[in-house]
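Engineer: Take a look at the letters that make up each chain.
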Amino acid sequence: MVKRIDCKNLYYRHLNKIIQDEAESGETEFILDNLNGQRYLGTGINKAVNITVNGTPGSDCAVFMNGPTLTINGNAQDMIANTMNMGKITVHGNVGDVVGYGMRGGKLFIKGDVGYRAGIHMKEYKSQIPVIISGGTARDFLGEYMAGGIFILLGIGSDSEIITGDYLGTGMHGGVIYIRGDVENDTLGKEVKKLDIDEEDRRILRQYLTEYSQDFGFDVDEIMSKSFIKLLPLSSRPYENLYVY
Amino acid sequence: MASIPPEFKVSIDSARCRKCGICVNNCSFGALEFGDDRVIPDDSKCVACYRCVSKCPDNAITITNYQWANRGNANWTPETTSNIQKQAEFGGILLSGMGNPRPHKIIWDHLLIDACQVTNPSIDPLREPMELRTYLGKKPDNLEFVENKEGEIELATELQPQVKLDVPVVFAAMSYGAVSLNAHKALAMAAKKSGTLMNTGEGGLHEDLYQYSDNIMVQVASGRFGVHNEYLNTCSMIEIKIGQGAKPGIGGHLPGEKVGEEISKTRMIPSGTDVLSPAPHHDIYSIEDLSQLIYALKEATNYEKPVGVKISAVHNVAAIASGVVRAGADVLTIDGYRGGSGASPMVIRDNVGIPIELALATVDQRLRDEGIRNRASILCAGSIRSSADIAKAVALGADAVVIGTAALIAMGCSVCQRCYTGNCAWGIATQKPELVKRLDPETAAQKLTNLLSGWSFELKEILGSLGVNSIESLRGNRERLRGYELDEKTLELLGIKSAGVGQ
Numbered sequence: 005m006v007k008r009i010d011c012k013n014l015y016y017r018h019l020n021k022i023i024q025d026e027a028e029s030g031e032t033e034f035i036l037d038n039l040n041g042q043r044y045l046g047t048g049i050n051k052a053v054n055i056t057v058n059g060t061p062g063s064d065c066a067v068f069m070n071g072p073t074l075t076i077n078g079n080a081q082d083m084i085a086n087t088m089n090m091g092k093i094t095v096h097g098n099v100g101d102v103v104g105y106g107m108r109g110g111k112l113f114i115k116g117d118v119g120y121r122a123g124i125h126m127k128e129y130k131s132q133i134p135v136i137i138s139g140g141t142a143r144d145f146l147g148e149y150m151a152g153g154i155f156i157l158l159g160i161g162s163d164s165e166i167i168t169g170d171y172l173g174t175g176m177h178g179g180v181i182y183i184r185g186d187v188e189n190d191t192l193g194k195e196v197k198k199l200d201i202d203e204e205d206r207r208i209l210r211q212y213l214t215e216y217s218q219d220f221g222f223d224v225d226e227i228m229s230k231s232f233i234k235l236l237p238l239s240s241r242p243y244e245n246l247y248v249y
Numbered sequence: 010m011a012s013i014p015p016e017f018k019v020s021i022d023s024a025r026c027r028k029c030g031i032c033v034n035n036c037s038f039g040a041l042e043f044g045d046d047r048v049i050p051d052d053s054k055c056v057a058c059y060r061c062v063s064k065c066p067d068n069a070i071t072i073t074n075y076q077w078a079n080r081g082n083a084n085w086t087p088e089t090t091s092n093i094q095k096q097a098e099f100g101g102i103l104l105s106g107m108g109n110p111r112p113h114k115i116i117w118d119h120l121l122i123d124a125c126q127v128t129n130p131s132i133d134p135l136r137e138p139m140e141l142r143t144y145l146g147k148k149p150d151n152l153e154f155v156e157n158k159e160g161e162i163e164l165a166t167e168l169q170p171q172v173k174l175d176v177p178v179v180f181a182a183m184s185y186g187a188v189s190l191n192a193h194k195a196l197a198m199a200a201k202k203s204g205t206l207m208n209t210g211e212g213g214l215h216e217d218l219y220q221y222s223d224n225i226m227v228q229v230a231s232g233r234f235g236v237h238n239e240y241l242n243t244c245s246m247i248e249i250k251i252g253q254g255a256k257p258g259i260g261g262h263l264p265g266e267k268v269g270e271e272i273s274k275t276r277m278i279p280s281g282t283d284v285l286s287p288a289p290h291h292d293i294y295s296i297e298d299l300s301q302l303i304y305a306l307k308e309a310t311n312y313e314k315p316v317g318v319k320i321s322a323v324h325n326v327a328a329i330a331s332g333v334v335r336a337g338a339d340v341l342t343i344d345g346y347r348g349g350s351g352a353s354p355m356v357i358r359d360n361v362g363i364p365i366e367l368a369l370a371t372v373d374q375r376l377r378d379e380g381i382r383n384r385a386s387i388l389c390a391g392s393i394r395s396s397a398d399i400a401k402a403v404a405l406g407a408d409a410v411v412i413g414t415a416a417l418i419a420m421g422c423s424v425c426q427r428c429y430t431g432n433c434a435w436g437i438a439t440q441k442p443e444l445v446k447r448l449d450p451e452t453a454a455q456k457l458t459n460l461l462s463g464w465s466f467e468l469k470e471i472l473g474s475l476g477v478n479s480i481e482s483l484r485g486n487r488e489r490l491r492g493y494e495l496d497e498k499t500l501e502l503l504g505i506k507s508a509g510v511g512q
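Line by line, the protein sequences give chains A and B.
Per our numbering, residue 5 is the first one in the first sequence, and the count goes up by one each step.
Per our numbering, residue 10 is the first one in the second sequence, and the count goes up by one each step.
This is chain A alone, in the form it adopts within the complex:
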């Protein structure tokens, strides 16, 4: 069975409660029509359910999310995947600012662009590695304070050669950012270094981009045909010498 909900004029708390209760009693497939700005979609479920969204989820979509798979046929607002733990989100559109803040696991695949401060303070622990892929461009402060995880920015269909903003990876001290094409050195945060990718990087990229391409109907070989660079932190101890004891 598929639970189909018309979300028009439905308050977020009521909507989420319906989904949480249905999921609790065993429902695994949800289709949400006319979703328009309701917050915290996918939160408080802790199960591997599938939720298809026709519309635009509100801010903090998938905050603390722990298991569900969200397919969003539309754009998403700010702070999607905030402190997300497990699950997967595919967004067939663009997303707002502060994407994947403190994200600690799961996947966030975005067909289009991300706003300011994407991937901020993502972190990883052992095998739990969050992955964000954006097919478009990013604004300033991409990967700020990043402590772990993988961010891949593709710039598919971008008119400009430069697909990132300023202050790339400011405060970054873990994880990796892959960028298709190149970045200008004067946009790098002072805590990161730019490197060419190696074979292991290509393997990682192909692994995640194959899944990403399948989700959005891209050709993975075409995506991989263009060169990539990667950004790594200069140190996992960026502020080691800041203090006097």
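No lab work stands behind these hints, which were simulated from the structure alone.
Derived lysine-lysine pairs resembling DSS-like cross-links, with alpha carbons at most 27 Å apart:
id, chain 1, residue 1, chain 2, residue 2
1, A, 234, A, 197
2, B, 54, B, 18
3, A, 230, A, 197
4, B, 148, A, 21
5, B, 201, B, 148
6, A, 197, B, 267
7, B, 274, A, 130
8, A, 197, A, 130
9, B, 95, B, 54
10, B, 456, B, 202
11, B, 28, B, 441
12, B, 148, B, 173
13, A, 21, A, 51
14, B, 274, A, 51
15, A, 130, B, 267
16, B, 95, B, 267
17, B, 441, A, 130
18, A, 194, B, 267
19, B, 147, B, 202
20, B, 64, B, 446
21, B, 147, A, 21
Bear in mind the structure is a predicted one, so any value in this text is a computation, not a measurement.
Since the structure of chain A is already known, use the hints to place chain B on it.
Structural biologist: Frame of chain A, contents of chain B only:
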């Protein structure tokens, strides 16, 4: 640090010393060693933690302030000059531990409590019931009742989740990382025994403590370390940390060398990396954003737990508190400028923020004036030192108080203020296994429980002398306080009369 004169002088009484070596083994700062068949102190390394003094079987060790010749200069004090020398030597930010130690006036000590005489009899707490129980959480604006079929009156108002405290004292947020796992265990065990809460701080919750979930407040700070579904649901309430009294507007860094395997697992970040908690939450830039996070947490926990917000006492604290309560916080923690910290830039700790007494009084008044005081409980933090401080805080409007330093002292801390070094000789603010094992969680928990028990007896005595039989009756009852040696403006802000003024 050769050019910097030592702060302390260690003297060994050779006539008493039997050269057993206990002091050498106990000094975690490397200030004592054996050589030439005697204990040789290195004054420059001593922090006056008194571990050696307390362990010496012969009472042979004396620690004194290093005596500077009195040059009569009250401006360029030894502390000021040695700080400059340290920075000249190494550059960087001066780090400090615990709360602001400066000799500013302590307002608590200038507040005096009323008592009954003759016409309004006092109550003997040893003979009559005395209620210290407090509930933290949002209280309804009004109560509605309905009559059921049997003709009985029932409450119709839906109540918000509440946390019951048997004593109006909770343990302050101190993260696993800043303090040891044994310290965290002791706090959790004592919270359970005493019917109150310990606060995890922002470093996650070790699995060993999951069993104490009913007595745990979990904290969510900007770094979001160890914040996952299990964490949010293994507690009786959640606190969003915005500010801390020791470092308002400043984030925290747990240095990589403290991030061992267990801390790495609890915070869920790789071992050895710096753990950065930047000052702002990246999803909070307005009261509306704060509200969004409060309700995100409620959504993640099925609206079953109160969600609090901790702010530091800054100049505009009353207006900020109003916004925080309007954003939906069920509990508001205000941390005054004497609040402690495992590590804080000294310049911030000693110069930023305002006294908790003024912050508490103005916040309570503001919320009353706006008619929203019932929407949030107030926790008062920032150097609560005794049951008298608690009674005064409650009279100024607090629902309960928060103790950090006092709890550490109960566990053995001697306030040497070197928490940030990771060398705590008492096994509290350290992650070194050989030091951590010095703190027995059971013993420390018993001491904490004893402290709360003692304070509870004293609070009951205070309430009894006031002629009231519950802490509720003292709450916000400023008529029962008088100010002594306080200026007019301070009295006005505190909302109390001068000592000597009757009704």
